[in-house]
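As you go down the protein sequences, you meet chains A and B in turn. Residue numbering for the first sequence is 32 to 740, as defined by the numbering used here. Residue numbering for the second sequence is 21 to 214, as defined by the numbering used here.
Keep in mind the hints are simulated off the structure, nothing from the lab. No experiment lies behind these values; they were computed from the predicted model shown. Backbone N, C-alpha and C fix where the C-beta goes; we use that ideal spot for every residue, glycine too. Certain hints may be false.
Heads up, simulated DSSO-like pairs for lysine-lysine below, C-alpha to C-alpha not over 27 Å straight-line [what the hints assert, rightly or not]:
#1 A:Lys-555 / B:Lys-113
#2 B:Lys-144 / B:Lys-113
#3 A:Lys-616 / B:Lys-131
#4 A:Lys-602 / A:Lys-555
#5 B:Lys-154 / B:Lys-208
#6 B:Lys-147 / A:Lys-368
#7 A:Lys-616 / B:Lys-75
#8 A:Lys-616 / B:Lys-208
#9 B:Lys-154 / A:Lys-490
#10 A:Lys-555 / B:Lys-131
#11 B:Lys-154 / A:Lys-368
#12 B:Lys-75 / A:Lys-490
#13 B:Lys-202 / A:Lys-368
Short, incomplete list of chain A residues facing chain B, as computed with Cβ under 7 Å [said to hold, decoys possible]:
#14 Val-110
#15 Asp-450
#16 Ser-453
#17 Leu-454
#18 Pro-456
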Amino acid sequence: MCTRLGVSYRMFDAESCLRPRKVESPNFVKSLILKGFTIAVLVSLVLSSRVVVAAPSGEQTDSKHQAIGDMSLEQLLDVKVTSAAKHEERVSNTAAAIYVISQDDIRRSGATSLPEVLRTVPGLTVERMNASTWVVSARGFADQRGNKLLVLMDGRTLYDAFSSGVYWDIQNPLLDDIERIEVIRGPGGALWGANAVNGVINIISKRAKDTQGALIVAEAGITDKGAGAARYGGHIGDKVQYRLYSKYSRTTPLVDAFGKEQPDGWNLGRGGFRADAQLNSRDSLTLQGDLLRGREDGIDKALDSAAVELAALTQFDSPSALRGQNLLARWTRTFSKSSDLSLQFYVDNTTRNSLTLDSDNRTYDLDFQMHRLYGSRNNIVWGSGFRFNRSLNHVLASGASSFNPDHYSTYLGNGFVQDEISLFPDRLRLTVGTKIEGNNFSGANVQPTARVLWTPNQKNSLWAAVSRAVRTPSGLERSRQAEVAAFPGDDGITNVIRLNGNPNLRPENLIAYEFGYRIQPNHKVSFDLATFYNHYTNLRSEENLTPFLETVPGPTHLVIPAIYGNNLYGKSFGAEIATTWMPTKAWKLLATYSWLDMSLKARAGSTDSRFIEDETSTPRHQASVHSSYNLTRQIESDTSIRFVDRLVEQDTPGYTELNSRLSWRVAQMEFSLVGQNLLRARQLEYNQPDGNIHSWVRRNIYGQIRWAL
Amino acid sequence: MIRVSKSPNAAKHRFCAAHILLAIVVSLPGATASAQMRSADEDQVKAAFLLNFGKFVEWPATAFADQTGLFRICVSGATDVANALGVLAIGQKLNGRAVSVMPIDHHQPLKQCHMLFIGNVPGKERKSLLAEAKGTYAFTVAEEKDFTDEGSMLGLVNTDNRLSFEINQQLAEEAGLKVSSKLLSLAKIVRGRR
Numbered sequence: 032m033c034t035r036l037g038v039s040y041r042m043f044d045a046e047s048c049l050r051p052r053k054v055e056s057p058n059f060v061k062s063l064i065l066k067g068f069t070i071a072v073l074v075s076l077v078l079s080s081r082v083v084v085a086a087p088s089g090e091q092t093d094s095k096h097q098a099i100g101d102m103s104l105e106q107l108l109d110v111k112v113t114s115a116a117k118h119e120e121r122v123s124n125t126a127a128a129i130y131v132i133s134q135d136d137i138r139r140s141g142a143t144s145l146p147e148v149l150r151t152v153p154g155l156t157v158e159r160m161n162a163s164t165w166v167v168s169a170r171g172f173a174d175q176r177g178n179k180l181l182v183l184m185d186g187r188t189l190y191d192a193f194s195s196g197v198y199w200d201i202q203n204p205l206l207d208d209i210e211r212i213e214v215i216r217g218p219g220g221a222l223w224g225a226n227a228v229n230g231v232i233n234i235i236s237k238r239a240k241d242t243q244g245a246l247i248v249a250e251a252g253i254t255d256k257g258a259g260a261a262r263y264g265g266h267i268g269d270k271v272q273y274r275l276y277s278k279y280s281r282t283t284p285l286v287d288a289f290g291k292e293q294p295d296g297w298n299l300g301r302g303g304f305r306a307d308a309q310l311n312s313r314d315s316l317t318l319q320g321d322l323l324r325g326r327e328d329g330i331d332k333a334l335d336s337a338a339v340e341l342a343a344l345t346q347f348d349s350p351s352a353l354r355g356q357n358l359l360a361r362w363t364r365t366f367s368k369s370s371d372l373s374l375q376f377y378v379d380n381t382t383r384n385s386l387t388l389d390s391d392n393r394t395y396d397l398d399f400q401m402h403r404l405y406g407s408r409n410n411i412v413w414g415s416g417f418r419f420n421r422s423l424n425h426v427l428a429s430g431a432s433s434f435n436p437d438h439y440s441t442y443l444g445n446g447f448v449q450d451e452i453s454l455f456p457d458r459l460r461l462t463v464g465t466k467i468e469g470n471n472f473s474g475a476n477v478q479p480t481a482r483v484l485w486t487p488n489q490k491n492s493l494w495a496a497v498s499r500a501v502r503t504p505s506g507l508e509r510s511r512q513a514e515v516a517a518f519p520g521d522d523g524i525t526n527v528i529r530l531n532g533n534p535n536l537r538p539e540n541l542i543a544y545e546f547g548y549r550i551q552p553n554h555k556v557s558f559d560l561a562t563f564y565n566h567y568t569n570l571r572s573e574e575n576l577t578p579f580l581e582t583v584p585g586p587t588h589l590v591i592p593a594i595y596g597n598n599l600y601g602k603s604f605g606a607e608i609a610t611t612w613m614p615t616k617a618w619k620l621l622a623t624y625s626w627l628d629m630s631l632k633a634r635a636g637s638t639d640s641r642f643i644e645d646e647t648s649t650p651r652h653q654a655s656v657h658s659s660y661n662l663t664r665q666i667e668s669d670t671s672i673r674f675v676d677r678l679v680e681q682d683t684p685g686y687t688e689l690n691s692r693l694s695w696r697v698a699q700m701e702f703s704l705v706g707q708n709l710l711r712a713r714q715l716e717y718n719q720p721d722g723n724i725h726s727w728v729r730r731n732i733y734g735q736i737r738w739a740l
Numbered sequence: 021m022i023r024v025s026k027s028p029n030a031a032k033h034r035f036c037a038a039h040i041l042l043a044i045v046v047s048l049p050g051a052t053a054s055a056q057m058r059s060a061d062e063d064q065v066k067a068a069f070l071l072n073f074g075k076f077v078e079w080p081a082t083a084f085a086d087q088t089g090l091f092r093i094c095v096s097g098a099t100d101v102a103n104a105l106g107v108l109a110i111g112q113k114l115n116g117r118a119v120s121v122m123p124i125d126h127h128q129p130l131k132q133c134h135m136l137f138i139g140n141v142p143g144k145e146r147k148s149l150l151a152e153a154k155g156t157y158a159f160t161v162a163e164e165k166d167f168t169d170e171g172s173m174l175g176l177v178n179t180d181n182r183l184s185f186e187i188n189q190q191l192a193e194e195a196g197l198k199v200s201s202k203l204l205s206l207a208k209i210v211r212g213r214r
C-alpha cells in the first residue's frame, strides 16, 4: 500500500523527458449499445481463447500531454490539479534502498509475468523453477517461496502466511493496469510488519480514471505462452470511475535437460474490477476485486509400499485446481494537505485442490492509518491493524504430506508509529518508527527502525539505517509432516527422511545495518549505491531426531525423522548499484550490479546439514544492462542482457541471457515482437534438491498486439 | 499461434472465463459518455503555465544576445516540473525561439535564463537565487505562499487544488520586461501596477 505510513515513492526519472507519463484515454464517446457490442466481442474473443486483452497505449499519453500544452491561460486556471500523494517522496530523498518500476518500464521489458518484470530490479534474485513456480527473493534466501520478502498489491498482502511466501502463479494481474511497482530492499518491518525481512514489494495499480476506454491485448509465443485480455473503463458522472478486466493465459510446459516436456503446464482465467469514487472534496472511496480460476499440472510424491521396495518416493502427476477471489474497500479522508486518514478492509480467499490435498486459505484484514504534519518538522504516521487468517488442509491421500492440526487459525494485531523529523530542513532528516505486532502463535514482536538522510545539496544524498525485522513461523512449518526423500540404506533396508512441523518454532530475527549514496550530477546521469550488513539469528534449521523402524507401509523401513528448529545464525554483506545514463534524448541506458556474500552457521548441538546449504544458495554476482532506444516516435527498441552467477550448492552453472523487444505504434494499435532468453535453446535457473519439478527455461519469441479502442 | 497441450479441463475453464466476463457485463452500470476530465497532474499544469507566461511577456532584443538563439527556462528545485516542461516544450517556440529547459542548482549562473522557476527551495537559497536573478533578464516565477515585494515577479499559488497567479509588475519592468495586459488581467493580484 503506497499510502501505508503515508509514504509512497516516485522515480527520480529523467526518463519522463523521453516519454510522458500515462494519463487517461481521450474522450470516449460511444453509445451503450456499442459498448455492449464491444464487450460481446471481447467475450467471444476470450472464449475462442488464445487472445488476451490488456492494453494501454502510448498515443493516449501524447494526446493528453498535448492537450495540456495546448490549453490557454484561462483554461489552465480552471484545471484541477492533482499532486501525487502528499508525502510522496522522490527516490533521491528516501533513506532506503528503493527502486521503482514504472508502467513504461514494465511495457518495455517485454515481460509477461510479474516475476519477469522483477528481474530488472538490482538486488532481487528471480529464478524460474518450473513453468508455474518462480523464486523471488531479495538479499539472499532464495528458497522456494521467498519467505523473507513481503509482497503487497494495493495494500492487500500477496504473501501467503500459511506457507510463508508468494504463489507467483496466481499473482498475474493485467500488467497494463499496474501504475508502478516499488521495491524496497532491506527490512521494512517497522512499517509493514512481520515477514518484510529482506524486502518489500508494493504493486500499485492505476486508478480507474487512468484506464478509461477499452483495451484489447493478445499475445502468442513460439514456446512459452499465449494470453489475451480485455479491459473497459468508464465513469458514472464526474465522481465515479470504474474499470473491468478479464484475462486468460495458457502457459505451455517447460522441458527437462533433454528437451522433453515436463508436467508443469497451466492455465488461468481471471477477471475483476476497480471503482474509485470522489464522494466530496475530502472523502474518496475505492472498491476493487478479482476472481480467478485455473488448472495447473504438477507432481506429488508419497511413501507407499512401492516406494519402500524401490527405495525412492513414488512420484505421480497431480494436477491442481486453483481458485481465488478477493474484495477490498478503502476509504480515505483528506483533512488538509498535511493531514489524512485511511481505513481499509479486505477479504481474500485462495484454494488449491490436488489429488492429495485440498487447501483453503482465507484472510480478513482491517487496517487504519493516520498521517499528520505537526509543525514544520514532524511528519507523523501511525495506525493499527487486525488480521484473521484461517487455513484448512484436508488430506486426501495417505503417504503424502499430512497436517496436524489440519485447521489452522491465526489472529494478528498490530500498531505502528513513525516520525519523520526535519533536523535541518532539506538537509538532514531523521526517521524513527516501530511496529508492534502480536499473534496467537509466536507472541509479540517489536520491529523498530532508525534512518538518517543527509542531502548536502540537490545532487547528492547519503543515508544510513539500523532496523530490526522478524519472520514469523508459518503454519506449514508448525503443522506439516512431509516425506522428504527415500534412499537405500546400508543393510538393504530403505531409509526415509521425514520432516516434522514444530509447533514451538520461534520467529527468525534480523538486525540490519544499511548505508546508501545517490548522486545525480546532471539530468542525464544518475548513480545509486546501497550496501548492507545483515545479522540473522534464530534462522530455521533442520534437526535430526532418533531414527526408528516403521512397518506401515510395508516392508519394514527405517525412518530418519527431522524437525524444524531455530538453530542457524549468520551474516551477509552486499552491495547493489543502479546507474542510468541518457546519451541522447531518445536513448537511455540502465546498468545494475549486485553482490552478496552470505555465511551461516549452526549453533553448537544442532544437527542441521541441509538448510545451511539451501539457504546460502543465492547467486553471488548479478549484473544487467538495459538499453531503451526510440528509433522514431512510433518505434521503440529495447535490449537487455543479464548475468546471473552460478549456484554453488545447487550445482547450477551461471548464465548470461539476452532479451529484446521491438514495438511499433500505428494510430491506436501497438505491435511488438519480443525475444526472451535468446542466447540458448534452454537454461536451468534453479535446481534445489527438493523433490519439485525443475525445468529448463526455453528460448521464446512472442508477438503482441495492443489495441486501445 | 502458440502450441498448446490440450487439457481435459480446458473447455470447463473457458466456461469459467465466460462466467467471469458475463458477471462483469451484468454488473456493468449504465455508463454515460465521458466528458474530458478537467484534472491533471500538478507538475504538468505548472509546466503548461510557464510556457504560457512566456507568450505574454516581452523580452528586450538584448536578452537574446548569445549565439544559440534559444529561449531558456531555468528550473530550480522542481525536477518534475522540469521533466514535464521538457515534454511540453518539444516543438514550441517562445519569442520566436526554440525552448530549452535547464534544471539548475544554486551554483550555476543565471545570466542565460529568460525565465526562472523556483520550486521547492529552502528560504535562504531562494533569496540568493532571486537576488542573483535581479541583474539578468530572467522573468522569475516562484511558488509563493506570501507574495511580497521582495519576492519573484510572478507567484504561482495553489488554492483548493487550482492554480492561480499574482504579478509584481514593477519588478518585471525594472528588469526591462514587458508584461502584457492580458496576463495582468488574469492575475489574481497585481502589485506595483503602473
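Structure-based check of all given hints:
no. : hint                  : verdict
1   : A:Lys-555 / B:Lys-113 : 24 Å, holds
2   : B:Lys-144 / B:Lys-113 : 33 Å, violated
3   : A:Lys-616 / B:Lys-131 : 25 Å, holds
4   : A:Lys-602 / A:Lys-555 : 37 Å, violated
5   : B:Lys-154 / B:Lys-208 : 24 Å, holds
6   : B:Lys-147 / A:Lys-368 : 25 Å, holds
7   : A:Lys-616 / B:Lys-75  : 25 Å, holds
8   : A:Lys-616 / B:Lys-208 : 38 Å, violated
9   : B:Lys-154 / A:Lys-490 : 25 Å, holds
10  : A:Lys-555 / B:Lys-131 : 23 Å, holds
11  : B:Lys-154 / A:Lys-368 : 33 Å, violated
12  : B:Lys-75 / A:Lys-490  : 32 Å, violated
13  : B:Lys-202 / A:Lys-368 : 32 Å, violated
14  : Val-110               : 5 Å, holds
15  : Asp-450               : 21 Å, violated
16  : Ser-453               : 11 Å, violated
17  : Leu-454               : 13 Å, violated
18  : Pro-456               : 6 Å, holds
The structure shown violates the earlier hints numbered 2, 4, 8, 11, 12, 13, 15, 16, 17.
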